[in-house]
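**Q** Protein sequence lines, in the order shown, are assigned to chains A and B. When you read off a place in the first sequence, starting at 1, and then add 81, the result is the number in this note's numbering. When you read off a place in the second sequence, starting at 1, and then add 142, the result is the number in this note's numbering.
Treat the hints with care, since some could be wrong.
Unchecked claim - Pairwise CB distance ranges (calculated): (1) A:N176 with B:K291: 37 to 47 Å; (2) A:T115 with B:D298: 56 to 66 Å; (3) A:Q157 with B:K144: 26 to 36 Å; (4) A:N144 with B:M315: 41 to 51 Å; (5) A:L122 with B:E220: 35 to 45 Å; (6) B:K254 with A:S114: 14 to 24 Å.
Unchecked claim - Here are the computed lysine-lysine pairs in the DSS-like style, where the Cα-Cα straight-line distance is at most 25 Å: (7) B:K291 with A:K106; (8) B:K214 with B:K144; (9) A:K106 with B:K247; (10) A:K149 with A:K105; (11) A:K101 with A:K171; (12) A:K105 with B:K164; (13) B:K295 with A:K106; (14) B:K247 with B:K144; (15) A:K101 with B:K291; (16) B:K295 with B:K264; (17) A:K134 with B:K247.
No lab work stands behind these hints: they were computed from the structure. Just so you know, even glycine gets a beta-carbon here, dropped at the ideal spot from N, CA and C.
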Amino acid sequence: MKNDNNIFSGDSMKYNAEVKISLKKGMLNPEASTIQRALALLGYGVEDTDTIKIIKFTVDEKNEELAKEEVEDMCQRLLCNPVIHDYEIKIALNNQ
Amino acid sequence: MKVGIIRFPGSNCDRDVFHAIKLAGGEPNYIWWNQRDLTDFDTIVIPGGFSYGDYLRAGAIASITPVIECVKDVVKEEKPVLGICNGAQILAEVGLVPGVFTNNKNARFICKRVELKVSSTKTPFTSMYKKNEIIEMPIAHAEGRYYGKEIEKLHDQDQIVLQFEGENPNGSMEAITGVCDESGLVCAVMPHPERASEAVLGSDDGLKFFKGMVNFRNL
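Bound conformation, chain A alone:
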């Protein structure tokens, strides 16, 4: 659940969040196999083609741990479908 920390309380920090979403191992990836076949048409004999989706945003939180927790919630509730997806979350302080 979204926690109720007030992001305007003054002591929050801005973090860059990156969510990397891939299909679970063994899942068919028709997009990747289509790309691989198209590359073959151009004469490139590549193998093990995969596609990965990256979603990036910034998030205000009191600390890195809370930011990660919140992004984890987002993954479970909307960004990924746990039946078919694996995901990786990266959190880094936004210095700008």
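Given the structure of chain A, go ahead and fit chain B onto it with the hints provided.
**A** Frame of chain A; chain B shown alone:
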């Protein structure tokens, strides 16, 4: 039988479903995505289309809308819910039916009439068919390949509603293209019964989906 038809931005089979419900003798009503009270309705249909542009995954964004929260209450009240095509994808995203409908094996949008086997008659929507009856209805989707983790459980509990007969056009597990929850009251099908609801459309094999719904418990 008061039937609610949910409309999202991007729904496009809502009017077809409205027509089919009328043909079957029901009383259709449109519901918008932000409605927060469905207590007036005896049953809910989530029609096909491309809700929210299919962004993220088909059905993902629709699955977190207020009206879908209310659909969960409708399910608790043991009223029937039918999801067709994008509606089926939404029900799977919410977890009201098991598994997911994901990208077709051939990575294409497939739009054609197919032969289907009615594998379960436990849902109100399939109650007027004979078990294992072969019917013809169209499919029209890019994300319809069924994938589930507990196929054995689906068999044991009679939760496989429709299967492709003959060719398996999208690569679905065990050619499954319609599933229901354990009770049978929540049903998700990729084929379009409303597009096969009168002879002028080339087939009226799908009309019994709506007749079965309208006659459920003689509401």
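**Q** Just pull the numbers of the violated hints for me, sorted ascending.
**A** Those not satisfied are hints 2, 5, 12 and 14.
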